[in-house]
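In case you want the letters, here they are:
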Amino acid sequence: AQSVTQLDSHVSVSEGTPVLLRCNYSSSYSPSLFWYVQHPNKGLQLLLKYTSAATLVKGINGFEAEFKKSETSFHLTKPSAHMSDAAEYFCVVSDTTGNQFYFGTGTSLTVIP
Amino acid sequence: KAGVTQTPRYLIKTRGQQVTLSCSPISGHRSVSWYQQTPGQGLQFLFEYFSETQRNKGNFPGRFSGRQFSNSRSEMNVSTLELGDSALYLCASSLQGQGYEQYFGPGTRLTVT
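Chains as they are written, first to last, in the numbering used here: chain A, 1176 to 1288; chain B, 681 to 793.
These are computed hints drawn from the structure, not numbers from a lab. Check each hint, because a few of them may be wrong.
Said to hold, decoys possible - Taking lysine-lysine pairs in the DSS-like style, the calculated list, with each CA pair at most 30 Å apart, reads:
id: 1; chain 1: B; residue 1: K737; chain 2: A; residue 2: K1244
id: 2; chain 1: A; residue 1: K1224; chain 2: B; residue 2: K737
id: 3; chain 1: A; residue 1: K1217; chain 2: B; residue 2: K737
Computed from a predicted model, the values in this text were never measured in an experiment.
Please put together the full structure from these sequences, using the hints given.
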């Protein structure tokens, strides 16, 4: 069975400092992994995805994530936080068919001016 | 390409009533998934349709049902509404197969009074 665990329910950073949002996954096969962002009262937007190509994945808005099979992790990072990054972030794994997504519980990112 | 659209965006219903939500996927996408998002339970998978057939189903009571039309548009119906059904209902469309990301609509905010 597939599952994801987002290790922090809430993260606060100062503007201009690095962002690290942690995600561990559980999968019996080589997974497809995604990070989505949700701004208040909006739908989800894809930030980046991993599908067994390069382990370091670059996404939109300066975000990137590294797939580490040995640690079963897919942490999301950004070198310098911007106020507009304040949102809810979801780590997602798909099943073998790609037809069903399993969402983490989300990490709320606050950016302090 | 137009994104995923959902109608209506906001809805207020009374306990015991029924409601139908609509989702139009991105052109060419044949997979449509529905999710319920609440502060307490997070994002929960309702069901997924592909080519008018329900392929996957989450753990929701039979009051929640859906269908997909030949043009891939999908509807979700909730009968005998309960206060706990108040939530943001998100629709996502996708090309089939592992590694394909889901594209989300803005959601329908349902309030049950």
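So, going through the hints one by one against the coordinates:
1. B:K737 / A:K1244: Between B:K737 and A:K1244 the Cα gap is close to 29 Å, so the pair holds against 30 Å.
2. A:K1224 / B:K737: Between A:K1224 and B:K737 the Cα gap is close to 24 Å, so the pair holds against 30 Å.
3. A:K1217 / B:K737: Cα-Cα ~24 Å, so holds.
The structure shown violates none of the earlier numbered hints.
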